[in-house]
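*Asks:* Each chain, letter by letter, is given below.
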Amino acid sequence: MRFIAVILLIVLTAAGIYSLSNEDMRVILDKKTASIGDALYVIYSIDNPDAVMADLYGITNKRISAMDKGAVLDAGTLAVIAIELGKARGGFYYFLTGLSRYAAQSLIYDGIYPESFAWNRSLSGSELIELAQVIKVHI
Amino acid sequence: MKYAFIILAAVFVFGLSYGGMVTEISGKVDILSGDKWQKAVLAMEVKTGDRIMTGMNSSIRVETEGGFFEVKELSMVTFSEARTSSSHNQKLTLDTGKVRVRFSKIIGVQSSFKVQTPRGTASVLGTEEEVGYSSLNGMSVYVIDGQVVAANNNGNSLGIDRGGHGGVSAKFMLYGNFDYIYSESGGNAPFGDNDTENNTIKYGLRFYLNRLFYFQPIPEPERL
Numbered sequence: 001m002r003f004i005a006v007i008l009l010i011v012l013t014a015a016g017i018y019s020l021s022n023e024d025m026r027v028i029l030d031k032k033t034a035s036i037g038d039a040l041y042v043i044y045s046i047d048n049p050d051a052v053m054a055d056l057y058g059i060t061n062k063r064i065s066a067m068d069k070g071a072v073l074d075a076g077t078l079a080v081i082a083i084e085l086g087k088a089r090g091g092f093y094y095f096l097t098g099l100s101r102y103a104a105q106s107l108i109y110d111g112i113y114p115e116s117f118a119w120n121r122s123l124s125g126s127e128l129i130e131l132a133q134v135i136k137v138h139i
Numbered sequence: 001m002k003y004a005f006i007i008l009a010a011v012f013v014f015g016l017s018y019g020g021m022v023t024e025i026s027g028k029v030d031i032l033s034g035d036k037w038q039k040a041v042l043a044m045e046v047k048t049g050d051r052i053m054t055g056m057n058s059s060i061r062v063e064t065e066g067g068f069f070e071v072k073e074l075s076m077v078t079f080s081e082a083r084t085s086s087s088h089n090q091k092l093t094l095d096t097g098k099v100r101v102r103f104s105k106i107i108g109v110q111s112s113f114k115v116q117t118p119r120g121t122a123s124v125l126g127t128e129e130e131v132g133y134s135s136l137n138g139m140s141v142y143v144i145d146g147q148v149v150a151a152n153n154n155g156n157s158l159g160i161d162r163g164g165h166g167g168v169s170a171k172f173m174l175y176g177n178f179d180y181i182y183s184e185s186g187g188n189a190p191f192g193d194n195d196t197e198n199n200t201i202k203y204g205l206r207f208y209l210n211r212l213f214y215f216q217p218i219p220e221p222e223r224l
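Chains E and L are the protein sequences, given in the same order.
Numbering-wise (the working numbering), the first sequence opens with residue 1 and increments by one.
Numbering-wise (the working numbering), the second sequence opens with residue 1 and increments by one.
By construction, these hints were calculated from the structure, which means they are not laboratory data.
These numbers were taken from a predicted model, which means no experiment stands behind them.
Careful: at least some of the hints might be erroneous.
To be verified - List time: in silico DSS-like cross-link candidates among lysine-lysine, alpha-carbon distance up to 25 Å:
1. E/K31 <-> L/K105
2. L/K72 <-> E/K136
3. L/K114 <-> E/K32
4. E/K31 <-> L/K36
5. E/K32 <-> L/K105
6. E/K32 <-> L/K36
7. L/K171 <-> L/K105
8. L/K91 <-> L/K105
9. L/K105 <-> E/K136
10. L/K72 <-> E/K87
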């Protein structure tokens with residue numbers, strides 16, 4: 001019983017340390033170019049405010065696990081993440097091809113992205129947070 | 001009696017010096033006071049120059065003289081005020097996110113409450129409004145009650161009345177839909193059940209044709 005309590009305490013402490021804190025958010029907000037890992041973390045935290053980093057590695061989605069977490073985030077990749085994590089709707093062409101340009105088009109259609117938003121445009125940290133807010137409202 | 005006097009004096013001095021006070025918090029909210037971020041707590045003082053940041057699923061309400069402001073989730077704002085014996089001007093600088101403001105004129109002094117964004121400013125004229133800002137979509141203002149003046153950084157301004165929606169686009173253009181809230185809620189007279197002159201069809205057709213034959217007007221060159 002004591003052993004289980006100790007394990008629980010460790011897990012809860014770890015969750016407290018690694019959950020998406022305001023400090024993490026400030027770090028992301030200051031970034032000139034956000035990474036795919038940042039996007040995964042922010043979008044995943046919409047439904048799981050106390051998400052831990054380890055949770056991200058548990059995502060079994062093929063398209064998401066194939067992504068390089070340190071790569072620069074673009075609008076198309078953010079759209080793919082949002083669709084695959086169930087936070088936005090993907091259009092017919094996206095499900096047919098799986099291409100990020102069609103994922104971005106789906107988000108433009110839903111009014112999440114502004115019109116004439118280029119799918120290969122890289123996103124800054126503040127833009128990522130703004131878009132996360134819009135995605136959250138659209139769920 | 002002595003203690004009561006001290007408390008009254010403290011309240012009087014405090015009342016003159018403080019900018020706002022935290023009355024409601026939910027979730028993770030931080031305040032940058034000086035150069036140190038600290039967790040917001042109830043009854044905390046918000047002074048001029050303080051920066052407020054809200055996390056996911058978080059919000060904070062700050063009571064100020066003349067009303068209150070509520071910072072919604074994933075927002076970053078800076079509160080500032082300038083107070084003299086004859087005027088009291090309060091301002092929120094919205095870097096990102098959304099803020100709701102209720103403000104009524106302070107009796108006896110010239111008072112104002114502005115929400116400033118990098119694209120434009122919304123001046124609250126004794127009213128309630130919700131202002132959002134994103135670098136991608138610009139500033140958007142929803143007027144819940146009263147009147148708001150939205151101005152872009154070029155100096156052009158637009159008055160938005162109760163129930164209206166307007167703002168400044170990412171390209172610094174002013175826009176407004178004065179019956180936004182009414183039309184969204186179905187209460188706008190020419191539409192829906194009260195549409196006696198078939199305006200719905202007329203406007204719908206016009207909208208469809210505009211989309212079909214959309215053309216971009218070439219702006220006139222500026223005079224040198």
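*Asks:* For every hint, state whether the structure bears it out.
*Replies:* Evaluated hints:
1. For the given pair, E/K31 sits about 40 Å from L/K105 by alpha-carbon distance, which is inconsistent with the 25 Å threshold.
2. Restraint check for L/K72 and E/K136: the C-alpha separation of about 13 Å stays at or below 25 Å, so the hint holds.
3. About 29 Å separates the Cα atoms of L/K114 and E/K32, which puts this hinted pair outside 25 Å; it is violated.
4. Among the hinted pairs, E/K31 with L/K36 is consistent with the structure: their alpha-carbon atoms are about 20 Å apart, no more than 25 Å.
5. For the hint pairing E/K32 with L/K105, the CA-to-CA distance comes to about 40 Å; that exceeds 25 Å, so the pair is violated.
6. Proposed proximity of E/K32 and L/K36 is supported: the alpha carbons are some 23 Å apart, at most 25 Å.
7. The suggested pairing of L/K171 with L/K105 is violated, with an alpha-carbon distance near 32 Å, which exceeds 25 Å.
8. As the CA atoms of L/K91 and L/K105 are separated by approximately 14 Å, the hinted pair is consistent with the 25 Å bound.
9. For the hint pairing L/K105 with E/K136, the CA-to-CA distance comes to about 35 Å; that exceeds 25 Å, so the pair is violated.
10. A distance of roughly 20 Å separates the Cα atoms of L/K72 and E/K87; the hinted pair therefore holds under the 25 Å criterion.
Of the numbered hints given earlier, the model fails hints 1, 3, 5, 7, 9; all others are met.
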